[in-house]
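> According to full-length UniProt numbering, the stretch in the sequence shown is residues 1 to 1096, in order.
There may be inaccurate statements among the hints.
As the list claims (entries may be wrong) - As a list, the in silico EDC-like pairs of lysine to aspartate or glutamate whose alpha-carbon atoms are at most 20 Å apart:
1) K302 <-> D119
2) K462 <-> D389
3) K1093 <-> D915
To be clear, the hints were calculated from the coordinates, so they are not data collected in a lab.
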Amino acid sequence: MVEKNHNIDIERADATISTPARPNKITFADDNDLALRRRVSRRDSIDSMSIQSIRQRRSIDPSVALPPHFRTLSFNIEHSKSRFDEARSETTRGNNKKKKKSSDIDFTEIDLHTLPVEDLYNRFSSSPERGLSSEQAARKLKEVGPNMPTAPPSRWFRKTMTYLFGGFGSILFIAGVLVFVAWKPLGSPPAIANLALAIVLVLVWVIQAAFTFWQGTSPRAHFSSGRVMASITTMLPEQCIVLRDGERKSIDGKDIVPGDILQINMGNKLPADVRFVQVSSDARFDRSILTGETQPLLGSVKSTDDNYLETACVGLAGTHCVAGTALGVVVSTGDTTVFGRIARLTSAPKTGLTPLQKEILYFVTIIVCIMVVMVLTVIIVWAAWLRKDHPGWLSVSNLIISCVSVAVAFIPEGLPIAVTASLTICANIMRKNKILCKSLKTVETLGAVNVICSDKTGTLTKNQMTVTDYMVGQQTQNAPKAPGLLSESKALQQLAVISGMCNAGEFDASTLKLPISERKVNGDATDSAILRFTEAMNTVENLRKFYRVIFKIAFNSKSKYMIHVIQSDSMPEQGLLLTTKGAPDVLLPRCSSYLAGDGSVQPLGDQNRKMVEHIKDKWSASGKRVILLAKKPLTNVLFNPLEQPREYEEDMQARATSDLILVGLVGIVDPPRPEIPEVIRTLRGAGVRVFMVTGDFKLTAQAIAQQCGILTARGTDIDDVSCLSTDALGLRAAGIKEETTSLIENPRAIVINGPDIPNLDDSQWDRVCKYTEVVFARTTPEHKLRIVKELQSRDLTVGMTGDGVNDAPSLKAADVGIAMGSGSDIAIEASDMVLLDSFAAIIEALRYGRVVYDNLKKTICYLLPAGSFSEFWPVITNVVFGLPQILSSFLMIIICCFTDCAAATAIAYEEPEADVLTRPPRDARRDRLVDWKLVLQAYGFFGILETTLSFAMSYWYCQRQGLFFSVQWFGFGATPEGMSSEEQTAILNRASSIYFVNLVVMQWFTLLAIRTRRLSLVQHPVWRNLYLGPAIVFALLIAVFFLYVPRFQETLGTSEVPVEHWFLPMGFGMGILLIDEARKWAVRKWPKGTLAKMAW
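Taking the hints into account, I'd like the entire structure generated from these sequences.
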């Protein structure tokens, strides 16, 4: 009887093309518009993908800014229910209470959705007949405030002060003021050179402040929190209907208070969080503004989920009713609503420093501390000695200039500009490689990534799924043979019907005339593959005209199956048929019978079940995604899907838990991208582990991982979760050898199922992180977030790829969230980086992420010798040894802010060295941007040589002009016999200019030397960076400008330089370059030698 009533006649369906089409689902007024908007939006977001378009979405569209935060909160509630999370929270609860702020969000303890309705009224002192009284409402409004999000503070004063006095700004400002004071009134007589120095210091201070302001307000900076809050506020309704004093009243949305009874009609936006106390059978609520999901949620009076954010008995502020009516008690308003709390998170300004900013702060702090010590040393020497024994040597005015000179010498003024230029340049280079970095933080963090958690579908694979095999009646066949066998197999006919009807995919009408393989399908990849498989056997359009879907339960990552209830109007005697499609490990245990080849229903005994399991495992082991299709005849259905959709859904879910009829299996292949194995090898060579995180079955995931090169182990060399148990470790420690103890000796490869992830404790996660090859199978979005957090808690820098709405929390939590250009708007919003082409672009992203860090080290190594070390010693020798200050303070500023700054920026254009992807990633928590090796290279090599040679050239010139060094040593301004003070000043001015030129010219060769850390100049030729030449020419022109213009000579005390002192430093610079080349050769020759260990 079952066979007669419920086997579908495909030929009959073909003959009934004229049967009028019935709607496949319940539709709402704005469904079609919404679908159209999303299709247009997705197309626009892909076609016009750019930093500009991303910025526009982030700044004005809360519908992509809010869902990542909502999803993260929802997943965290789920995690808090884990027994291990509970244990952790108990141990840290005391500390957490101390750290909590008013803005913190904790929905785990909210019970408003589980309270009985009577208790709910009592809690809010409300009444179902009268609502709140006007007096109660007024009192509560005064207590909780108006129902609107609080605008974030502008912080304009703090921002302005940061622009003006952040970084080196405060030191430059104080230095400028002090030099003005040294000019007047302390100057006697006022020195024009001091006035010029003060003006230059103030100009540098203003330029740095302007640059910081531009950087903070540039298009790449984070969008204004005020604009976000403004766009969010417009999404709340202005008027609403409530029950007060027993009457229905229309009031302003901002006057709603907790306890109000709110009337909700179709089309209304919810002004606050409400607990439903009455709902119509067709009441549905669009939560897409918060969740990103377009499927409306069916309202309910009973709680449908322990998670406050997921239950259907709560209406959330900002969402709107798309069908039906409801009555609800307001439970939260304003900032306390879910919408308000997430809005505050979204609009809150970013706090804290990025890793690179911390490194630079660490470096600057050391420099400033040394500077303060040296300034105090100068003051102490002056106060304790010079003021008494040599009162005419340093006046108070000159003391101030000396202290400012020390400060100027130690501050690398060009560093902030060079850092930002380096990050911006690398971001632009990545964009040319179809990699969009949405913030400069992303660029700097990429160099430290040591684990990449990659999704499988569409990232490692082509996302071009094709059905290659099918099984009906316990027999397997290749999919291309199915059309020829259709008429002979009743079971195959049933498989075709269920494949076409239990399917959310649809062919695009504009491509129906194209070959099946070339048609566009609106739907996910799995549905698309099965739809094409069905179309090859029988026209899907005919099936959907012959049958109609009267109810749908969509696929989700938790249940891992979908349900469509179908009915044929032309054959009503067949009744209703529940069809389902999903994961075999979920649905096969629910099957009690199977469809034989002749169409008869046979019991699914243990032997047949094992055969199906064997086929599933065989296909999975070859990298195929296996989908099970089943059906169940429906009888005695008590509910109407239109009038009682909630009850109908619960009934269908319950019926699908048992007595299903297995119709067949289909095996789907999604081939890996051809470039992926090489990408994985390159990443592994760069010290980056690639973990696969997929929702696929364990054997399928393992096979694909092996094809991609993520797993190189085979067979028993691959561990599973049992190898992480303490029992396995205990056996090994006791001397009992087990196959599961490979972790202790040489952990290599492991495959972990998603359901096991919540049960792993801290020690097991510690062991997981020791594996070099890891695959997480059968994972949900919640598992992905858990994986990211566990890896980060073990000092790993994690990159996570994803493209779906539910991937947003893990993308946002990762150190570098990586979205594909074809992904959802919400995934792109939550990510830090977008790959527009393919996953292979991650290689270039990683390369230039490391180049940023390398080039910054080179920049600092270039700035320190002349811009810090060589400028400091002329001041110290002036104060301590009574020598004239052989380099004027004004020329110090010229070196720091002009001649060196251009070259430092040119270093940012250096191309990657050949070994950039053959060395391990830096440890973001331990490796310093400036370590002792770099300081040794900058000060101990370049600095000492440049300082010594510059001193030698300057005093050699003085010696030749009759101003002997013996006279100047502890001379404290003594003038030789037969030489006037004017002649002495002219000689010293020229000597100062010689010192300046010596530094400028030798820095050209230092620039060539620091371009590579280990490679020879021959291996990394100069012409690979075309900006070096212009930078050197710029430095030359600046030097000539300030030394050879007569007006500057008179005012600033500069002088023309003898021609030999232009060429001598070139020889010195060539010597420095050759010595460093010899050092690099020794490092390459003996990579484990002493020089290699000291190499920066």
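> Now look at each hint and say whether the structure bears it out.
Going through the hints against the structure:
1. K302 <-> D119: holds, 14 Å
2. K462 <-> D389: violated, 83 Å
3. K1093 <-> D915: The hint holds at about 17 Å.
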